[in-house]
Structures are given as C-alpha cells and as structure tokens.
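With the sequences and hints as input, model every part of the structure.
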Amino acid sequence: MKRYFALLTFVSLAASAAWAQRALAPPQVGFIQDSRGEVRAVNGLAGNFLVGGAAASGIVSSAYSGSFGLLKSASALMVIDQQGRTLATVDAPSGPALLAFSPDESPALAYFQQSKALRVWGGRAFQPGPNVDQAALSIAPLSRTLGALVVQRGDDLWELSFELSTGAIVSQTALPGITSPMLLLAGGGFVYRDAQGVVVRHVDGSEKHIAAHLPASLAFGQMGNGWIQVTDLATSRLFAVNVQPGHEGYYILPEVRQ
Amino acid sequence: MIARVLLFAALGPLSALAQLQVYAFDGTNETAVGSLFNVGAASPGDSLTTRFRVRNIGTGPATLTTLALAGSGFSFSNVPSLPYILAPYTGSAVSEVEFDVAFSPTDVASYSAFLQVNTIQIILDGNGAQAAVLTLAGSNIPLAAGAIIDFGPLASGTTKLLTFNLSNPGSVAVSVGTLSVTGTGFKGPIGRSAPISIAPGQTVSFQVEFLPTSGQAFQGTLAVDQRTFVLTGQGLSPPLPGASIVFGSSVGQSVQQNNVSIPLASASQVSGTGTLTMTFQSSVQGVSDDPAIQFLSGPLRQATVTISPGDTTAMFDGGQSDLAFQTGATAGTITFTLTLNGNSTPAAQASLTIGPAPVSFASATSIRLLGGVIVNGEPAGVPVGGEVDISIVASDNTYSASQLAFTFFDQSGATMQPGVIRVDATSDFQAYFNSTTTGGAFALLAKFTVTGDVTQIISTDIAITNSVGVTTTQHILIGN
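Protein chains in written order, with the working numbering: chain A, 1381 to 1638; chain B, 37 to 516.
Source of the hints: derived by calculation from the structure; they are not laboratory data.
All C-beta atoms, glycine included, are put in the ideal place defined by N, C-alpha and C.
Take these hints with a grain of salt, some might be off.
Stated by the list, open to error - Have a look at the derived ranges for each label pair, beta carbon to beta carbon:
(1) B:251 to A:1535: 35 to 41 Å
(2) A:1589 to B:447: 33 to 39 Å
(3) B:427 to A:1532: 44 to 50 Å
(4) A:1508 to B:427: 30 to 36 Å
To be verified - Chain B stretches covered by chain A per the calculated footprint, using a threshold of three residues with CB under 8 Å from any CB of chain A:
(5) 283-294
(6) 327-333
(7) 357-368
(8) 457-469
(9) 474-480
What follows is the structure, encoded as structure tokens:
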C-alpha cells in the first residue's frame, strides 16, 4: 500500500472568499430572539457578551446554528447568514415553529406547531416535508433521512424518530424523569432542567450538570453552535448556556437596550 | 392694683346722629356695639382680641378720621390707615373697615378703656380672671396664649419630653377643665389629665412628648381651657448607615461575569436613594474603553439603588440585592462609586484591577478538509492533499498578540513536518484591534494546505504570544 506523507504549509490569516469570513474577526456567539420579536447578534465570548442591534423583527421563532439561522415570522420562513442577511425565504403557515439543525448543518428542520408540517432546508433550498401528526415539544435531524421529535405522553416525555421523507415513526424511546421544557441538541443528546440548573445529556447517556438559578418558567432555544438561549417567560430576561463539552457554563446575557 | 375706669358723659346722642356704626365680630356673628362693650375675661398674661368693624350706614360717603384708644390693659393690634373713606354699606366688605383691640390683663381685676371712632365713644371693659398660669419647668415666665413652644431639632425615631407647670398664684382654687395636646408628632398630656383643681399657691406638672417620624417640621397645639399654645419641632433624618461595595468575586480578571452588592453597616432607620456608577480606566495604550464592561441590566454603567428603613443592604432595581456586571476583555481598572441622597461626596468606592494577562483561549477547534476527487459528497480515491483549518476564539486583554505557533502531530504523537510553523501575526492583530469595538476578544481562522495524506494529521498544539507571555493549548484533535 502506497503511503502519502503529509506536509503542512501555512497559507495565511488573510481573508478567504470561500469561507466568506475574515481571518480575524469579532467572535460571534450567535443570535438571540428578544421579547419584542427582534433577532439580534450576540458577539464576544462566554462571560463577555455584546448584544447588537436588531437584525430582524416580527419574528415568532428563531434558531441559529453557528453559521446560519432559521427565522419564522407570521407568514414566512427565512434563512439568514452570520451577518443576519436573508439568504432564502419561503411561505409558511402562521404560528410558532420548532427549528433545528444537524451537526453538519444540513439538513435543518422547521416544524410548524399549528399545522404539524415540516420544512427541510437542504443547504440551498427548502423542501416540503411530511406532516408529522404529533404535538412536538422539540425536534432534531438525526441524519439525512431521519429526524427526531419529543412528545408528551401522560406524565412522560418520549423521543420518537421518524423518516424525513414520509413522517413514519420508526422508533420510540421513553425519557423517564425528564420534563418539559427540554431541547434536543444538534448531534444528539438534549438539555433539560432540574432543581440545580441545566442538565446536558449526551448521546452516550452521560450527563453534565450546570449549576444555575433558573427562572421558574423558561424556554430553551438554540442561539449558536453549542449555545442555548434561556428565556425567562415571566420577565423576558435572557440567559445563555454554553453546552460545549469542557466549556459548560451558565451566563446572564446583557439586557436588550433600545 | 385697681384698674382705672374712664367715664364719659353724653354718650347716647352722638352715636344716634352718626353715619358710622361699630360692630363686634367673633368670626361668625357680629353684634352692633353701643356705648358700653364687654370684651370678656382673660387670665393675667393672656391676651384676648376683639374684632371691630366700622360700617357707613348713611346714604352718602363718610370718612373715618379718628380711631383712638385709652386705658390700661387694652391696645390696638390692627388699625387701618386714616383717613379712611367708607361708601354707604351695601353688604360688601369693601364698604366697611376692621380693627382689633387686644385685652391683656396683668392682674386679676376689672379693666376699662375709652374707644373713640370719629365721634362715637365706647367704653370697653374686661376682667382679669383668675386662671392657672402655664410655665415651662425651670422658667418663671408665664406663657401667654398663642405662645410658641419649640422643642427644637430632634432625630426622627427619637423622643423629647418637655415639662410644663400649671400654677395658681391666686388666693382661691382654680380649675382646668380642658388640657389636651393635638398634632402629628406630639403626644400628651403625660402625667395629668383634666379636670385638674389647683389650690392657691400650688403647682401641678405634666409633660408633652415630641416624637418626629421623619425629617420635617412638625406643629401641634397645647390647649389649656380656652387658651391654646403652639407646639413646634423639627424632625431630623438620621444619617444613612455606612455603606460598602462588595464584589461577588474579588479576583480581577477579564471575561468574567461578577456581581456587586452594597451592604450597610447597620439596618437603616431612614429611606435613601443613590447611584452606583461604573467607570473604566484602560491600562492599554491607545485603548480608552471596552463596551463589554457593563451592568447586565438597566443602564450600561449606572445603577439606581434604594434604601428603605430596616434594610441592611441597598437594593437595585427589581428588588435585587446584587447586580451582575461584565469585566470585559481589556486590562485596566473598573471603579464603582456610590453616591447617596444627591451628595456628590462618594459614600463608598471600590475598584477591580484587571491585570494584563496572557492570551486566554475560549475555544480552539480544528477540521480537516480532504482534497482529491469528491463523489457524492465523499472523497474518492486516496486522501492526497487537502487543508486543515484551525478556529480559535480567545481574548487578549493587552491587545498585543503577535506570534502564532502551530505544531501538528500524527497518530503516534510524533511532530509532523515541517515541525513548528511560526507565523508573525503582529500586524494582523494590530489592524484588528485598531478597528474592533469588542475589546480584546477575537476569533481567528488559520488555514494550512496539506501535501500528502491529510488523514495522518491527528492533532495540533497552538501557541499565541502577547506582551505578557505565551499561551499554549493542549493537543486539539482534528475533526472532519
């Protein structure tokens, strides 16, 4: 067998058109959605956040993968880039949506909670997905062909995997001891709350507890790569949870100032 | 002492011919005054005022030219300027004029005086009646009705007692039917209650308490039968207790979320408001500020604090006992200054010094991009050539990052050729820090081309140098 030895050569820190980003730039944590339905960029790093101006308004649901975001307005589903610029738009039914990304960011899913219909973002265009006749609490793509969703059955949560092409359920797994709100993570696993704070359950079943004084009533959302937005539903205050392995932490986001 | 009595002859005919008529007015009712008028009785040392009105009851204008009073114990206390023209009275106050006569007996005796209004002559008489004499304990000076008794300034929440004496200097017993204290901030009488009978030569005492509840002026009334005395006192706000500024963490570091609280030296007795202001003095040359240094709620660098009675900690908006803030990513000193109740002199001040530090990594990731022919999204054939991209998120609170060093390792942990790859990024960092508004935080993307089998590259070490030192990551596994 012929062996090819590797030799590395530094290219540069200069701008790369292919990556469409500068070699040195302000670090971006992601995008948050505030109580007024405005989506704002969050720059900086853990414990050192800067909240930018509104990149979009009239948004009812949003999520950001780290390199692109999905925004749901009253009547449209949009894709935005890192600068908040709209890349694609498609009509969408009214009401909120659950939005999720795969680890390699393709596909991304939008689940319209009122119609229970799916839209799949393949990286270039939206494709209509099947109707999933389940009242999903969280969704996630598992692969190019499978998705997952979490539903409430009695007192328990169940994770269902389904075919992205047909919506057919292919497996069901109970999540004993887990209560809503919870959020499926890109790449598997999920986050939920317990009495001490936030818990990250990894794909292998191991858990990481992140101490936090969580608000009584909250919602989770993905605000960046490895970053979860926590919204206090009573006060609209926003918090951030870093769920990246080895960097877990709970932070207060600066108040959105007009 | 025998009071003088003035007698005048032929009083009746003059008043009948005059155009003017004199009335006595008690505040509610008025009575036409004849040639003799009794003003009533007053205690020695007290004063009894009678209001008189002069009205033109004729059909043509009249002029008041004479207003005279003669007699011990009587005096004018309010007279108009003369001459005073009076139009015929039509029911309007503008066609009448008022003056007051005060009766101030100095003894228990009968008093009289002669009052002349133009040609109208009236004999006034009054009685100096036996009554208890009110004095402040320690003083022999009788207090006249209407006298002001000032308790002086007193801290709110504390009390002050004044002792009063009621004495009977006469030869027959006197009684006090009413003894009362009214008005917010005053309490009494303490030690005595009406009715009180005072034998000749005897003295009884009682107390009145002043207990201000706030830093304002208070006024009340002490009533002894018909006589009233004005009670006054000035409440003083006690000072706010001493305050200090305490940080959740006293360690001054960049890229931290900390919190600040303001404990008080003791429970506050009073209310207060204040402002906690955050300022930043950068120690990085050419850098004046870091916008990430801010309170995490409310205005960026100014917080309102309130103190209520009983509080042992000043409270921030929303009833929080502490307030979170960020330390930013720039070396320097963050100073917190507390001012209270509009006083420009700081009530407390504390600083966090953020020392210059080596570059701090928040994250470092590396991915391998395969070269060669791609079929259906997967590399086909041998993985020859490709690219390794390294992404770093870090902060440099000195803004002096310069040298980068990358070392790549194979599966066995051996360093790959060409060994440590050093990059002088000084100008890149300076250009970035000169343009950024996000402090010393940065995201760096370094790209490497690979000649040969890119899959042999397993991990990398990254080192970044700044003016403080060198920071090196541990092995970072390279992902796909």
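Problem set entry | Non-conforming hints, listed in increasing numerical order | Hint check: 1 and 3 fail, others pass.
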